[in-house]
Structures are given as structure tokens and as C-alpha cells.
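Sequences and hints are given; from them, build the entire structure.
Sequences listed follow chains A and B, in order.
Residue numbering for the first sequence follows my numbering, beginning at 1 and increasing consecutively.
Residue numbering for the second sequence follows my numbering, beginning at 1001 and increasing consecutively.
Do not rely on the hints blindly, as some may be mistaken.
EDC-like, lysine to aspartate or glutamate: derived pairs with alpha carbons at most 16 Å apart [claimed, not checked]:
hint: 1; chain 1: B; residue 1: 1042; chain 2: A; residue 2: 38
hint: 2; chain 1: A; residue 1: 71; chain 2: A; residue 2: 26
hint: 3; chain 1: B; residue 1: 1094; chain 2: B; residue 2: 1053
hint: 4; chain 1: B; residue 1: 1102; chain 2: A; residue 2: 59
hint: 5; chain 1: B; residue 1: 1102; chain 2: B; residue 2: 1056
hint: 6; chain 1: B; residue 1: 1015; chain 2: B; residue 2: 1084
hint: 7; chain 1: B; residue 1: 1058; chain 2: B; residue 2: 1079
hint: 8; chain 1: B; residue 1: 1102; chain 2: A; residue 2: 56
hint: 9; chain 1: B; residue 1: 1057; chain 2: B; residue 2: 1026
For the record, the hints were derived by calculation from the structure and aren't laboratory data.
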Amino acid sequence: NAGVTQTPKFQVLKTGQSMTLQCAQDMNHNSMYWYRQDPGMGLRLIYYSASEGTTDKGEVPNGYNVSRLNKREFSLRLESAAPSQTSVYFCASSVGAGGAPTDTQYFGPGTRLTVL
Amino acid sequence: QQQVKQSPQSLIVQKGGIPIINCAYENTAFDYFPWYQQFPGKGPALLIAIRPDVSEKKEGRFTISFNKSAKQFSLHIMDSQPGDSATYFCAASKGGGGSNYKLTFGKGTLLTVNP
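Printed below as a string of C-alpha cells:
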């Protein structure tokens, strides 16, 4: 099993450009998450999908959109990138959807995004 | 509003030392407290976790101590090794089903264990 995979690994954008970060999991998990990690700020939840067909805003959703394409895939889109969106983006998944609160989140390797 | 406060921001110890990382939370509805470990260039991975019905949990060299009345929990690493050098995040979540299993993370502690 590959677990959680993310593409691309690195990306440089100019201000105003758009892009989509891709995430896929092969663990048959119901819930998926997008986080951003910035120095000294920890991991902040951008959006999550508790189950296929549902998405909800997290702590820092402004400037982002998401799509839960199917049970395996959850993409994050930046419509008009800004320098403040320079960050490392992590996708995660968990069993979710009625699972226990002790549900472990499994993280992907991350995408390093720089917006110039 | 920062719901999980973590300290210190960074920590340097010698091999064999016992680093201690502390976290405090505000929301009494939290009922699950995991710690995640992150190596440079990698995603975080679950290290150890505790529920509030116990005061201590040990897995190998890693121990969580939990103080429900003080709303605090801490990670102790016994006989620390250079390979333990990583960033450690505490987190908390609350039950209730469905989407309520979101994790709230602390800001992280960069641990360096010198040989």
C-alpha cells in the first residue's frame, strides 16, 4: 500500500496563477483533510471531507477550494495564488465516518509551494 | 483562539537525557490527545495517544502524562537518542461522531538530541 500520496512534491507559482494539489489514499478511508504548515504555526486545517460527497471548512479556508472527487481522491485548488499561501501542504486521511474519536490520521509527504 | 498551547518551541538535550514537551488545552470537550512526530521533509506520523480516563500511557521510551484537572498533558522521552531528533506536535480532538473528529494541533516543538 502506498498510503497517502500527494502531487506535486514542489511547485513555484507567480502571484495570481492557479493550481490544484492532488491527494489520493489507498486505505479505503472515509475522511480526508488538507492542512498547511508554516514555521511556528503548527498544522492548520484548511478543509476536510468527513465522507465521500461532503466537504467542510476548517480553520483557514480563505483562498482555497476543495473537491472530493471520489472516496480515494481529495484535491485542493488555489484559484489566484498569493504570497501568503507559500507553505507546505499536507493531505491526510482517516477511517472516519462514524469511527472512534481515536481515529488516526495518516499524512502524505507534503507539497512545498512557493508563491512569488 | 489557540485551543492547544505547546511549549517549548525548541529543545536541545544530550543523548540519554529526558526531554519533556508540555501542552495545555482549553476545551473540556476534548477527549483524545495524540502526539505526532515529524522528521524533516516528511509528513507527521502518530507516535502515541491517550484518552482522559488514564493519567499515564507508555509505549517504549515514550510516555504521555495527563492531568485532567489542570487540562495539561506532556510527552516524556526516556533515554533520548539522536534519532529522536524531530518536530513533535501535540493535538486534541473531541468525540461526537462524523466530522467532529478534527484534530487541533499545537504549534510544535523542534527537538534536537546531541550525540
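Consistency of the hints with the structure:
1. B:1042 to A:38: holds, 14 Å
2. A:71 to A:26: holds, 9 Å
3. B:1094 to B:1053: holds, 14 Å
4. B:1102 to A:59: holds, 10 Å
5. B:1102 to B:1056: Violated, at roughly 23 Å.
6. B:1015 to B:1084: Holds: residue 1015 (chain B) and residue 1084 (chain B) sit about 10 Å apart, inside 16 Å.
7. B:1058 to B:1079: holds, 14 Å
8. B:1102 to A:56: This hinted pair holds, its Cα atoms lying about 11 Å apart.
9. B:1057 to B:1026: violated, 21 Å
Comparing the model with each numbered hint stated earlier shows that hints 5 and 9 do not hold.
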